[in-house]
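Between the sequences and the hints, there should be enough to build the whole structure, so can you do that?
Chains as they are written, first to last, in the working numbering: chain U, 1 to 341; chain A, 1 to 261.
Just to be clear, a hint being listed does not mean it is correct.
What the hints assert, rightly or not - The list that follows gives simulated cross-link-like pairs (lysine to aspartate or glutamate, DMTMM-like), each with its CA atoms no further than 25 Å apart: (1) 58/U - 89/A; (2) 50/U - 88/A; (3) 161/U - 130/A; (4) 31/U - 139/A; (5) 150/U - 146/A; (6) 58/U - 139/A; (7) 161/U - 139/A; (8) 255/U - 240/A; (9) 148/U - 146/A; (10) 150/U - 240/A.
In case anyone wonders, no lab produced these hints; they're calculated from the structure.
Now for the letters of each chain:
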Amino acid sequence: MNRKHIFVILFLLAGAIACKKEMIESFEGFKNPAGFPEPVYHFATNPVTKDGFELGRKLFYDTRLSVNNTISCGNCHIQTSGFTHHGHNVSHGIFDRLGTRNSPAIMNLAWSTHFMWDGGIFDLDLQPIAPITNHVEMGETVVNVVNKLKEDAEYPSLFEKAFGSREISNTNFLKAMSQFMVMCVSNNAKYDSVTRNQAVFTEDEQNGYTLFKQKCNSCHTEPLFTDQSFRNNGLPVTTRNDMGRFAVTLQEQDKLKFKVPSLRNLSFTPPYMHDGRFLTIDAVLEHYNAAVQITPTLDPQLQQPGHTGIAMSAEEKRLINTFLKTLDDRVFITDRRFSEQ
Amino acid sequence: MKQFLITAITSIVLFSSCKKDDTPEYNSNIKAPLSIEFDNVAGSSDLELDGGYKTANGDSIYITKLKYYVSNFKLTRTDGTVYTVPQEDSYFLVDESDEATHEAELEIPEGEYKTLSFTLGVDSLRSTMDISQRTGVLDPAGAGADMYWTWNSGYIFFKLEGTSPQSMMGDVMYHIGGFGGYSSSTINNIKTITLDLSTRGVPKVKSGKQTNVHLFVDALKMFTGATNVSIAANPMVMFDPFSISIANNYVSMFKHDHTEN
Numbered sequence: 001m002n003r004k005h006i007f008v009i010l011f012l013l014a015g016a017i018a019c020k021k022e023m024i025e026s027f028e029g030f031k032n033p034a035g036f037p038e039p040v041y042h043f044a045t046n047p048v049t050k051d052g053f054e055l056g057r058k059l060f061y062d063t064r065l066s067v068n069n070t071i072s073c074g075n076c077h078i079q080t081s082g083f084t085h086h087g088h089n090v091s092h093g094i095f096d097r098l099g100t101r102n103s104p105a106i107m108n109l110a111w112s113t114h115f116m117w118d119g120g121i122f123d124l125d126l127q128p129i130a131p132i133t134n135h136v137e138m139g140e141t142v143v144n145v146v147n148k149l150k151e152d153a154e155y156p157s158l159f160e161k162a163f164g165s166r167e168i169s170n171t172n173f174l175k176a177m178s179q180f181m182v183m184c185v186s187n188n189a190k191y192d193s194v195t196r197n198q199a200v201f202t203e204d205e206q207n208g209y210t211l212f213k214q215k216c217n218s219c220h221t222e223p224l225f226t227d228q229s230f231r232n233n234g235l236p237v238t239t240r241n242d243m244g245r246f247a248v249t250l251q252e253q254d255k256l257k258f259k260v261p262s263l264r265n266l267s268f269t270p271p272y273m274h275d276g277r278f279l280t281i282d283a284v285l286e287h288y289n290a291a292v293q294i295t296p297t298l299d300p301q302l303q304q305p306g307h308t309g310i311a312m313s314a315e316e317k318r319l320i321n322t323f324l325k326t327l328d329d330r331v332f333i334t335d336r337r338f339s340e341q
Numbered sequence: 001m002k003q004f005l006i007t008a009i010t011s012i013v014l015f016s017s018c019k020k021d022d023t024p025e026y027n028s029n030i031k032a033p034l035s036i037e038f039d040n041v042a043g044s045s046d047l048e049l050d051g052g053y054k055t056a057n058g059d060s061i062y063i064t065k066l067k068y069y070v071s072n073f074k075l076t077r078t079d080g081t082v083y084t085v086p087q088e089d090s091y092f093l094v095d096e097s098d099e100a101t102h103e104a105e106l107e108i109p110e111g112e113y114k115t116l117s118f119t120l121g122v123d124s125l126r127s128t129m130d131i132s133q134r135t136g137v138l139d140p141a142g143a144g145a146d147m148y149w150t151w152n153s154g155y156i157f158f159k160l161e162g163t164s165p166q167s168m169m170g171d172v173m174y175h176i177g178g179f180g181g182y183s184s185s186t187i188n189n190i191k192t193i194t195l196d197l198s199t200r201g202v203p204k205v206k207s208g209k210q211t212n213v214h215l216f217v218d219a220l221k222m223f224t225g226a227t228n229v230s231i232a233a234n235p236m237v238m239f240d241p242f243s244i245s246i247a248n249n250y251v252s253m254f255k256h257d258h259t260e261n
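So, in structure tokens, the structure goes:
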């Protein structure tokens, strides 16, 4: 009788352990969501593993990446703000130094062909070097960061688990960062549920969607809500005179062009535009409706016969705004996998 | 059978020794060291950091930093055949402040060479390779960090910094790069330098000895050529169309002075 009890208990325990093990081993690496295009990130030279992803996440939230050990990547890319710097038109770095552009979202980067507002960086692996070394952001060198990590009690063994060597190289440091960033996939907004036939739009949302497809989708293309291109959307030029992509290509036709941002998670990511000049979506829609400036490189889509910009009535703007809210992905901004542990 | 074998082996030995006699000096199957020495000068003076010099335009400059990438070495034998140094062993960063970097150490087949050619800068292919293929002096996060534009992914091929009374802000900075662009075409300042070695001494590369090709590299040449560069007008040139003029000038800064055989 007693023995039987023990047997049952042992059996249950074994089951529980097996369950737990299954949970740990459930990491599936990068999965391309149904309906999304093929990712462009080079997974062949950096396959995502559980250890690599977790190491990248730890690095993302480590303040030792900055010169005075005060700010991490997560400071200006806040998960609950869709991995942007909520409430800041331009981001604050070390010693509260100000940048010149609004911090972009760490989201769906596996599909990004270029990084930064001007697309100056063409490989995600190279991206972290820019904020780490920029004197208004983290003001550090990668070599110093790696030296700090080498002195840490945990990092050498974490690098060994992820890359098979306790020697922390700059390459593996950057590859781990990429493994975390490519995993930050947002595809659980209401819009996604609707495309998966798990939910239905309200009438307003549906009408907004119809308008969106007529007026916005050519640049903010589904399902990523960006076509990854660079365009001049007619923003008035400010005294900062940021020429955007021109600085990267030196081609006249690229003056005032910036990367088309995704429209996912807009509710969590104000302010808007490369310099964070608009505080609300209404202000953005009104810009397109009535404030587009004509310059030689203005996007042709904004120069329709008889109208500059995108004509929208107040009701149309309301409906489009209602639809845009279906792109808010609360699963993404609360996903524990992407949070500081 | 055994006898046959012995005969065969003997004839092979004989034949190969015969062959050896035909070309007594060099065995192109053996690699031997050749160093290319980049001896930086300023006009007719040796270049010294913090030293003051005059440009062709008559401007004064005190040079505090001079660094440049040389890569993709190729050597042409006196018989006209070309040896290309394997690309992964072919990248060097010459830094005036670090004597150890003034010589590019190559391993090339034994022989006599009449022409040296190399790239001033980093080729576009390597500029866009996976980060794991860009180690050592090419590591944009490490030894190459000072020679890399993080905001516009690409190497700075040539960097000369200093001060000048002709510069309104006092400083002068020339950061010349541009590999042609990743997806949109932009400036391409990759330059191939070809030097005749036959008049100033053909390197005779042979194992067991060190051969050195001694080049003079005149940094002031960047200020003169098709475009005379005025420091007052252009004290700072980085990723800018004017960098093309500077790069076109500095292709002529390399001169073969002599060979130490």
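Comparing the hints with the structure gives:
1. 58/U - 89/A: violated (35 Å)
2. 50/U - 88/A: With Cα atoms ~32 Å apart, residue 50/U and residue 88/A exceed 25 Å; violated.
3. 161/U - 130/A: With Cα atoms ~22 Å apart, residue 161/U and residue 130/A stay inside 25 Å; holds.
4. 31/U - 139/A: violated (30 Å)
5. 150/U - 146/A: Cα-Cα ~22 Å, so holds.
6. 58/U - 139/A: Holds - the C-alpha atoms of residue 139/A and residue 58/U are around 23 Å apart, at most 25 Å.
7. 161/U - 139/A: holds (23 Å)
8. 255/U - 240/A: holds (14 Å)
9. 148/U - 146/A: Between residue 148/U and residue 146/A the Cα gap is close to 20 Å, so the pair holds against 25 Å.
10. 150/U - 240/A: violated (39 Å)
In this structure, the earlier hints numbered 1, 2, 4, 10 are contradicted, and the remaining ones agree with it.
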